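S.K.: Can you build the whole structure from these sequences, using the hints too?
Quick note on numbering: the UniProt record's numbering labels position 55 of the sequence shown as 55, and the sequence is numbered without any gaps.
Note that these hints are calculated values from the structure, not bench results.
On a predicted model such as this, the values are computed, not experimentally measured, just so you know.
Some hints could be false.
[What the hints assert, rightly or not] No farther apart than 25 Å at their CA atoms in a straight line, the calculated lysine to aspartate or glutamate pairs in the DMTMM-like style are these:
#1 K123 - D142
#2 K167 - D157
#3 K139 - E176
#4 K134 - E182
#5 K162 - D142
#6 K66 - E93
#7 K139 - D158
#8 K66 - E26
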Amino acid sequence: MEQLTKALASLYVLYEANRNNNFVYENEAQFRSFYVLLHLDSKNQQMEESLSYWFRNVPSPVMKSKEMHFARQVLRFYRMGNYKRFLCTVSSEASYLQYCIIQPNVNEVRALAISYINNCCYKLHPYPLEQLSKLLMMKELDVESLCHACGLKITSDDGENKSLPTKQTTFSIPKESLQSYELVGLQQ
Numbered sequence: 001m002e003q004l005t006k007a008l009a010s011l012y013v014l015y016e017a018n019r020n021n022n023f024v025y026e027n028e029a030q031f032r033s034f035y036v037l038l039h040l041d042s043k044n045q046q047m048e049e050s051l052s053y054w055f056r057n058v059p060s061p062v063m064k065s066k067e068m069h070f071a072r073q074v075l076r077f078y079r080m081g082n083y084k085r086f087l088c089t090v091s092s093e094a095s096y097l098q099y100c101i102i103q104p105n106v107n108e109v110r111a112l113a114i115s116y117i118n119n120c121c122y123k124l125h126p127y128p129l130e131q132l133s134k135l136l137m138m139k140e141l142d143v144e145s146l147c148h149a150c151g152l153k154i155t156s157d158d159g160e161n162k163s164l165p166t167k168q169t170t171f172s173i174p175k176e177s178l179q180s181y182e183l184v185g186l187q188q
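M.R.: See the structure below:
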């Protein structure tokens, strides 16, 4: 990712050095969308300011492209913590390269969603794993694995239906990188 960021920075310098009026190069919008996607999880304020400044320097025709529209949508959903819209948008609109860049963030968003559900649901009603797997767009076994990685316990009823008891105080975002889970419903 670091190498890609450096290569894209060099490419943008070339775009600006050779720019004639509002001319847009063939794949410029796609490459500029990659830059935004690489900076999804920029937590510090300095990066936020530089991304805002970076947007101001992007030519208007590029900003209006479908690639940049996608990147800005994904950025907005990620920063707002809107995990459902983030996952749905990524699964339906991401190109292969865009998904490869976003993929590390997908599981972070899923862990955040599990945190929301764990903290906000009513304690006496465990959250069914089958429903959670649909919401997070992943296989039920993968949801169970992710819950365990986040320090949560899963229960089973008599019919072997698994569920996530809520209000568990053991939740924590895993320190090491999360296992890569398939995004069910991803458009090929």
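S.K.: Compare the structure with each hint and give your call.
M.R.: So, going through the hints one by one against the coordinates:
1. At roughly 23 Å between alpha-carbon atoms, K123 and D142 fall within 25 Å of each other, so this suggested pair holds.
2. A distance of roughly 18 Å separates the Cα atoms of K167 and D157; the hinted pair therefore holds under the 25 Å criterion.
3. A hinted pair counts as satisfied when its Cα atoms are at most 25 Å apart, and K139 with E176 qualifies at roughly 21 Å.
4. A threshold of 25 Å between alpha carbons decides the hint, and for K134 with E182 the separation of about 13 Å falls inside it, so the pair holds.
5. This hinted pair checks out: K162 and D142 have alpha carbons roughly 13 Å apart, not beyond 25 Å.
6. For the suggested pair K66 and E93, the alpha carbons sit about 10 Å apart, so the restraint of at most 25 Å is met.
7. For the given pair, K139 sits about 21 Å from D158 by alpha-carbon distance, which is consistent with the 25 Å threshold.
8. With a C-alpha separation of about 13 Å, the suggested pair K66 and E26 falls inside the 25 Å cut-off, and the hint holds.
The structure fails none of the hints (numbered hints given earlier).
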